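Asker: Chains A and B supply the protein sequences, listed in that same order. Take my numbering: the last position of the first sequence gets the number 112, and nothing is skipped along the way. Take my numbering: the last position of the second sequence gets the number 114, and nothing is skipped along the way.
A hint or two may mislead.
Stated by the list, open to error - Pulled a few chain B residues facing chain A out of the computed Cβ check, cut under 8 angstroms:
(1) Y33
(2) G42
(3) F45
(4) Y48
(5) D56
(6) T102
(7) Q103
(8) Y104
(9) F105
(10) G106
(11) G108
Calculated directly from the structure, the hints in this document are not laboratory data. No experiment lies behind these values; they were computed from the predicted model shown. Glycine is no exception: its CB is placed at the ideal position from the N, C-alpha and C atoms.
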Amino acid sequence: LAKTTQPISMDSYEGQEVNITCSHNNIATNDYITWYQQFPSQGPRFIIQGYKTKVTNEVASLFIPADRKSSTLSLPRVSLSDTAVYYCLVGDGKAAGNKLTFGGGTRVLVKP
Amino acid sequence: NAGVMQNPRHLVRRRGQEARLRCSPMKGHSHVYWYRQLPEEGLKFMVYLQKENIIDESGMPKERFSAEFPKEGPSILRIQQVVRGDSAAYFCASSPAKDLKTQYFGPGTRLLVL
Numbered sequence: 001l002a003k004t005t006q007p008i009s010m011d012s013y014e015g016q017e018v019n020i021t022c023s024h025n026n027i028a029t030n031d032y033i034t035w036y037q038q039f040p041s042q043g044p045r046f047i048i049q050g051y052k053t054k055v056t057n058e059v060a061s062l063f064i065p066a067d068r069k070s071s072t073l074s075l076p077r078v079s080l081s082d083t084a085v086y087y088c089l090v091g092d093g094k095a096a097g098n099k100l101t102f103g104g105g106t107r108v109l110v111k112p
Numbered sequence: 001n002a003g004v005m006q007n008p009r010h011l012v013r014r015r016g017q018e019a020r021l022r023c024s025p026m027k028g029h030s031h032v033y034w035y036r037q038l039p040e041e042g043l044k045f046m047v048y049l050q051k052e053n054i055i056d057e058s059g060m061p062k063e064r065f066s067a068e069f070p071k072e073g074p075s076i077l078r079i080q081q082v083v084r085g086d087s088a089a090y091f092c093a094s095s096p097a098k099d100l101k102t103q104y105f106g107p108g109t110r111l112l113v114l
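Generate coordinates for the entire structure from the input sequences, incorporating the hints supplied.
Answerer: Dropping the structure here:
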């Protein structure tokens, strides 16, 4: 499974845009990039998933350059409730028994 | 459209007792996964099951831990003779057969071993 590297923590303020970049240099051809959000004492919540270029939903945008060796999760106009840990994962759902490998994630703190 | 359900949400056991954690996947999902999370750490994969089959248990400790996903009913993660080191949050996730690259997580069971 491709290993991912992301910043340990990021601080932001309400109303700002938060961009979290994840490196995955060994991403395989069939791998997708998936981001999860986890609040304290809760299970991870699926945010967004993409393969290449740009994906946008009601929560976030995901930017993936042509070489796919990194990706950036963009959270527009964050609020205090966006304070959470964000995990970047790569995989195709078929390799290595379909298990997800979570790294340490990025702790995002949104300040008033 | 209920999500993944886990119960109990909190479980307290004394050393040596057994812990049983239950997971009901989302409707229509036939693939279940169990993960363990220690404080301030990411989730660690334990086991992947389909109905009546264990597909990958490479993350399960060799002793005291077992998992099942029967034809009827929830998936069960069973921990025998619990020790303090088993204290953690245990999360269950499920996927539909047609989209294995996306897993949907339950709220977790927090196990505390006294």
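Asker: Could you work out which earlier hints the structure fails to respect and list their numbers in ascending sequence?
Answerer: The structure breaks none of the hints.
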